[in-house]
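S.K.: Below, each chain spelled out in residue letters.
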Amino acid sequence: MKIKKSRLNLWQAAGKLFSFLVAVLFFCNPVFSAEKFVFDEVHSIPQFEFSHLGVTTQTGRFDVAKGVIYIDFAARKGSVYYEIDASSLNMGYGTETPESAGYRLFNVSTFPTIKFKSGKLVFNSKNEITAAVGKLTLLGVSKPLTVTVSNFQCGLNPLTKRKTCACDVRATLMRTDFGMIQYIPGISDLIIINVPVEAYKN
Amino acid sequence: MKKFLILCALGVLCNSPAFSADTFIMDPEYTIPSFEVGHLGFTTQRGRFDKAEGKVVLDIPAKKGSVEFVVHTKSLDMGSKAWTVHVRSEGLFDVEKFPTMSFKSDNLIFEDDKVVAAEGQFTLLGITKPLKITVNRFNCATNAIVNKFMCSGDITATIKRSEYGMVKYIPTVSDEIQINVPVESYRQ
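Note that the protein sequences, when read in sequence, are chains A and B. Each residue of the first sequence is one higher than the one before, starting from 141 at the first, in this note's numbering. Each residue of the second sequence is one higher than the one before, starting from 843 at the first, in this note's numbering.
Calculated directly from the structure, the hints in this document are not laboratory data. Model, not experiment: these values are computed from the prediction. Glycine residues also receive a C-beta, built at the ideal position from the N, C-alpha and C atoms. Do not take every clue at face value.
Label-pair distances were calculated between CB atoms; the ranges are [unchecked claim]: (1) P1013(B) / E239(A): 26 to 34 Å; (2) P1013(B) / M314(A): 32 to 40 Å; (3) T288(A) / A983(B): 53 to 61 Å; (4) K974(B) / Q293(A): 26 to 34 Å; (5) T976(B) / G326(A): 42 to 50 Å; (6) T253(A) / K974(B): 40 to 48 Å; (7) A214(A) / T976(B): 19 to 27 Å; (8) Y323(A) / K974(B): 32 to 40 Å; (9) H914(B) / I324(A): 41 to 49 Å; (10) K974(B) / Q322(A): 35 to 43 Å; (11) M314(A) / K974(B): 52 to 60 Å; (12) T316(A) / T976(B): 53 to 61 Å; (13) K905(B) / K275(A): 48 to 56 Å; (14) N264(A) / A983(B): 23 to 31 Å.
Short, incomplete list of chain B residues facing chain A, as computed with Cβ under 8 Å [what the hints assert, rightly or not]: (15) S876; (16) H881; (17) T984.
Derived EDC-like pairs (lysine to aspartate or glutamate); straight-line CA-CA distance at most 16 Å [to be verified]: (18) K905(B) / E961(B); (19) K906(B) / E953(B); (20) K923(B) / D203(A); (21) K923(B) / D308(A); (22) K971(B) / E961(B); (23) K897(B) / E953(B).
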């Protein structure tokens, strides 16, 4: 009897675990209900703007970044994962080296990636995404960041005929919040980030 | 004074900008032109020319001046190598045939002692057309780091590329191009 009882408990436990897993997959895994879009890396290149010496607006760019976005239009939910290769920094004045100001500012050798993650996409009445509430990780420091999304649209890419969702993403941050304190005020604390996003349905 | 008046009458001193104006050379590291273009109606894409040079002559009391700016088109960098090669090619910037584009103006527009715009001539793909550029954040001051007198500003301009014969991919890639050039220039 004792043995039978413990077997029963085992089966009950397994059954509970199974229904729990089903529930997890059903409610939490975006793959089941959401469409997956992968960023076209050629046309999703992040750029940033800063004020130099308080007089001009200079720009910099990271040439390598990848991202994926899950969108469940029916449930008006989604998530986004975006990762920038910090070593792909390109300021326009030649190859960056470990000694150059840019590489030192981003501490590229210690923090090779800059990440943005969001599990909360904001939709308007037309079911267009207008913002993403998430976290940016820069220099290993994670802080909340809300990015604004403009011109969001989905349709066929006229060149590749593939289903695409696209938008222009903009965000502002204070770099000191992430511990990036060198060269202030010569290079402004306030940074504006611009990322065009063209993402293909997987 | 008599001597000055005589020279002035001869047009040597009083009207010659060489005597009253200062010449500023643009710092190439902080004078990098970029542009924005609409892509497939989807996104705003950006490109950059990493090599450009320029000179500004400024006579602020007289509210006069001139500017010459040359962009080396082979320095185009779109971020992705394949895309850069494509945009440099024939039908777009055609950099082998047209290695430079330029802007020249001898009509700087002042508001008080600040330059706010310039009317000049823009040359792209060998075609020259009038272009008015806007100058934002114009400022002159000594850069304490290098102890040199600097005049600076953010330049914006909008062109229709079709006016210069660059018609490929319109309207998939927009006709209208927004140009942004930060300028930091040092007095010689």
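S.K.: With reference to the structure, classify each hint as holding or not holding.
M.R.: Going down the list of hints, with the structure as the test:
The hinted window of 26 to 34 Å between P1013(B) and E239(A) is violated, with their beta carbons roughly 45 Å apart. Roughly 39 Å separates the CB atoms of P1013(B) and M314(A), a value that falls within the hinted 32 to 40 Å. Against the hinted window of 53 to 61 Å, the Cβ-Cβ separation of T288(A) and A983(B) comes to about 34 Å, which falls outside the hint. About 33 Å separates the C-beta atoms of K974(B) and Q293(A), a value consistent with the hinted range of 26 to 34 Å.
Checked against the hint of 42 to 50 Å, the C-beta distance between T976(B) and G326(A) comes to roughly 25 Å, which is inconsistent with it. For the pair T253(A) and K974(B), the beta carbons lie near 43 Å from each other, so the given range of 40 to 48 Å is met. As the Cβ distance of A214(A) to T976(B) is approximately 46 Å, the hint placing it in 19 to 27 Å is violated. A hinted range of 32 to 40 Å holds for the C-beta pair Y323(A) and K974(B), which are about 35 Å apart.
Between H914(B) and I324(A) the C-beta distance comes to about 33 Å, which lies outside the given range of 41 to 49 Å. Checking the proposed 35 to 43 Å range against K974(B) and Q322(A) shows it holds: the Cβ atoms sit about 39 Å from each other. Between M314(A) and K974(B) the beta carbon distance is about 36 Å. The supplied range of 52 to 60 Å is therefore violated. For the pair T316(A) and T976(B), the beta carbons lie near 32 Å from each other, so the given range of 53 to 61 Å is not met.
Restraint check, K905(B) to K275(A): a C-beta distance of roughly 51 Å satisfies the suggested window 48 to 56 Å. Distance hint check for N264(A) and A983(B): the Cβ-Cβ separation is about 44 Å, which falls outside the suggested range of 23 to 31 Å. The closest approach between the C-beta of S876(B) and any C-beta of chain A is roughly 6 Å, which is under the 8 Å cut-off, so the hint is satisfied. Taking 8 Å as the C-beta contact cut-off toward chain A, the hint placing H881(B) at the interface holds, the least distance being around 6 Å.
With its C-beta approaching chain A no nearer than about 11 Å, T984(B) sits outside the 8 Å limit, and its interface hint is violated. Restraint check: the Cα-Cα separation between K905(B) and E961(B) comes to about 14 Å, which is no more than 16 Å; the hinted pair holds. Distance hint between K906(B) and E953(B) is fulfilled; the C-alpha atoms sit about 11 Å from each other, no more than 16 Å. The suggested pairing of K923(B) with D203(A) holds, with an alpha-carbon distance near 9 Å, which does not exceed 16 Å.
Restraint check: the Cα-Cα separation between K923(B) and D308(A) comes to about 22 Å, which exceeds 16 Å; the hinted pair is violated. Taking the CA atoms of K971(B) and E961(B), the gap is about 11 Å. The hint holds against a cut of 16 Å. With a C-alpha separation of about 21 Å, the suggested pair K897(B) and E953(B) falls outside the 16 Å cut-off, and the hint is violated.
Checked against the numbered hints above, the structure breaks hints 1, 3, 5, 7, 9, 11, 12, 14, 17, 21, 23 and satisfies the rest.
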